[in-house]
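J.: Spelled out, the chains give:
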Amino acid sequence: MNGLISTATATFTATAFRASACPERLRSLLERGLPLTERPWRALAEQCGMSESEVLVWVERWQREGLIKRLGLVVRHHALGMRANAMVVWDLPDAAVAEVGRQLAAEPAVTLCYRRPRRLPAWPYNLFCMIHGARRERVLAALDGIVERHDLQDVPRRVLFSLKAYKQCGGRYTREKQP
Amino acid sequence: MSTHRHRPEPVELDAADRGIVNRLQDGLPLVERPYATVAAELGLSEGELLYRLERLLEAGVLSRFGPMYHAERLGGGLTLAALEVPEADFERVTTAVNAFPEVAHNYRREHRLNMWFVLATETPERIGETIAAIEATTGLAVFNMPKQEEFHVRLHLPV
Numbered sequence: 001m002n003g004l005i006s007t008a009t010a011t012f013t014a015t016a017f018r019a020s021a022c023p024e025r026l027r028s029l030l031e032r033g034l035p036l037t038e039r040p041w042r043a044l045a046e047q048c049g050m051s052e053s054e055v056l057v058w059v060e061r062w063q064r065e066g067l068i069k070r071l072g073l074v075v076r077h078h079a080l081g082m083r084a085n086a087m088v089v090w091d092l093p094d095a096a097v098a099e100v101g102r103q104l105a106a107e108p109a110v111t112l113c114y115r116r117p118r119r120l121p122a123w124p125y126n127l128f129c130m131i132h133g134a135r136r137e138r139v140l141a142a143l144d145g146i147v148e149r150h151d152l153q154d155v156p157r158r159v160l161f162s163l164k165a166y167k168q169c170g171g172r173y174t175r176e177k178q179p
Numbered sequence: 001m002s003t004h005r006h007r008p009e010p011v012e013l014d015a016a017d018r019g020i021v022n023r024l025q026d027g028l029p030l031v032e033r034p035y036a037t038v039a040a041e042l043g044l045s046e047g048e049l050l051y052r053l054e055r056l057l058e059a060g061v062l063s064r065f066g067p068m069y070h071a072e073r074l075g076g077g078l079t080l081a082a083l084e085v086p087e088a089d090f091e092r093v094t095t096a097v098n099a100f101p102e103v104a105h106n107y108r109r110e111h112r113l114n115m116w117f118v119l120a121t122e123t124p125e126r127i128g129e130t131i132a133a134i135e136a137t138t139g140l141a142v143f144n145m146p147k148q149e150e151f152h153v154r155l156h157l158p159v
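Chains as they are written, first to last, in the UniProt record's numbering: chain D, 1 to 179; chain S, 1 to 159.
FYI, nobody ran anything at the bench for these hints, they're computed from the structure.
Predicted, not measured: the structure shown is a model, and the values here were computed from it.
A few of these clues could be false.
[As the list claims (entries may be wrong)] To list a few chain S residues with every Cβ distance to chain D over 12 Å, as calculated:
no.	residue
1	A15
2	A16
3	L42
4	G43
5	E46
6	G47
7	G60
8	E84
9	P86
10	D89
11	E129
12	A133
13	T137
[As the list claims (entries may be wrong)] Using 30 Å as the maximum straight-line C-alpha spacing, the simulated DSSO-like pairs for lysine-lysine come out as follows:
no.	chain 1	residue 1	chain 2	residue 2
14	S	K147	D	K69
15	D	K164	S	K147
16	D	K69	D	K164
Glycine residues also receive a C-beta, built at the ideal position from the N, C-alpha and C atoms.
Isolated chain S, as found in the complex:
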């Protein structure tokens, strides 16, 4: 939930780390001892896999380890939104927008629309309410661009 004003330097992964990250992007098996299963596939001990995962989480290479929810099927709302923020006001608006717990990601990008954020809410109705609240707080118009169609990509990002 914190802002990342001072980002750590990139982490060097060794071959075993890379194997772990690549393997786990494909998902974890639904068995009583999932880490033992994956460790065996990778030729590691269960303890070593857990140790390395803990380290990767601490180093910030992994932001979360767990289920990827399908927001809409959970009954939640999800959208991508953008703001055109005057340069002089950027810091104030960033703080105001990030203070909303519904804001999951927020990136500054190179365009007149220079702030792009993802809203994830408990219900679809909350999207509209949150946008209205963001507009009220920032005094800026929110460009709401919910997905209309998803084109499925390979999940795997090799590292």
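Okay, chain D solo, but in the shape it has when bound:
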């Protein structure tokens, strides 16, 4: 992680850097996770030269503007015994994707649901959803219920179970700028 940050280069002028350094640095620090200490915002404030209340104002603003979707935690399903992780993909008529997408997203078993482009001829599927479960049979049973409830028996679909996770870490979008 630190390697990513230290190799980031910047061509900012010193002035531009000073004007933007604090919020940028705060965002970068936040990506590493909120400190596990009684006053986590104060700990971050000390590291980026702000006051605790300034940090709270920035984070509140980023949440309001939608930059930060939520402050919470990322659960690693596998470590919890949720060993089966299926990407279920559907080949739906373009006119039906949005409606079916909303229906699938409302299903408790579905943890993500996106429309994505087809890549013909290799890949005809345009709706993707994720279903996690302790075992494959559970995931498939949940899928059966979904198919039945929404009359999707005739929609071509594939279930791509994951065989192995080779890498799982949070996305990092902010690189710290060095003067």
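Mind docking chain S on chain D? Use the hints.
T.: Structure of chain S alone, referenced to chain D:
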């Protein structure tokens, strides 16, 4: 950032752990002492909550504790991509793909397209550049499938 070749056994959570994980998936309040607030809701002391969170992070139940960014609104790029990797070449390609810091997740899946990974980049332009670099390194065509529409799910995954 490391690969997970040898994964630990699933962790047993007790009732208090489950309460913590379920509660915190809904988000942390934006107050000076957020852990104290959540601990009070759960009937724990602040110290115990912090202790348990530390343990859950160490055990790998939680991969990260902090903000979920909206990549596009941050000016970043995000996409899902897939490769059709010849079996004999799988290990080499895995190493090559995971070496890119832009690769956030990488799963082997059951399909002719057998490697699926998420790319997260600082700018949308970097997505194309990263894909080109992955193609050059692996010698394989990348299937790029960026999201066109998101259907919002309940965030909560009960444990």
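J.: Test the statement that G43(S) is away from the interface with chain D: the closest C-beta pair must be farther apart than 12 Å.
T.: The assertion about G43(S) holds, with a minimum of 18 Å to chain D.
J.: Given the hint that K69(D) pairs with K164(D), test it: the Cα-Cα distance must not exceed 30 Å.
T.: holds (28 Å)
J.: Confirm or reject: A133(S) is not an interface residue toward chain D, with every Cβ-Cβ distance exceeding 12 Å.
T.: Holds, since 15 Å exceeds 12 Å.
J.: Beyond 12 Å on every Cβ pair: is that true for G47(S) relative to chain D?
T.: violated (9 Å)
J.: Measuring Cβ to Cβ, find out whether L42(S) lies farther than 12 Å from everything in chain D.
T.: About 14 Å separates L42(S) from the closest Cβ of chain D, which puts it past 12 Å; holds.
J.: Grab the minimum beta-carbon distance between A16(S) and chain D and tell me whether it stays above 12 Å.
T.: holds (15 Å)
J.: Does the structure keep K164(D) and K147(S) at a Cα separation of 30 Å or less?
T.: OK: K164(D) and K147(S) at ~23 Å, within 30 Å.
J.: Taking the closest pair, is the beta carbon of P86(S) still more than 12 Å from chain D?
T.: Non-interface label on P86(S) holds, nearest chain D Cβ at 15 Å vs cutoff 12 Å.
J.: Verify that the Cβ of G60(S) lies farther than 12 Å from every Cβ atom of chain D, and report whether the claim holds or is violated.
T.: violated (4 Å)
J.: Checking a non-interface call: every C-beta of chain D should be farther than 12 Å from the C-beta of E129(S). Is that right?
T.: Holds, because the least Cβ-Cβ distance between E129(S) and chain D comes to about 15 Å, which exceeds 12 Å.
J.: Starting from K147(S), check that the Cα of K69(D) is at most 30 Å away, please.
T.: holds (17 Å)
J.: Hey, is T137(S) genuinely clear of chain D, shortest beta carbon separation above 12 Å?
T.: holds (16 Å)
The earlier numbered hints that this structure contradicts are 5, 6, 7 and 8.
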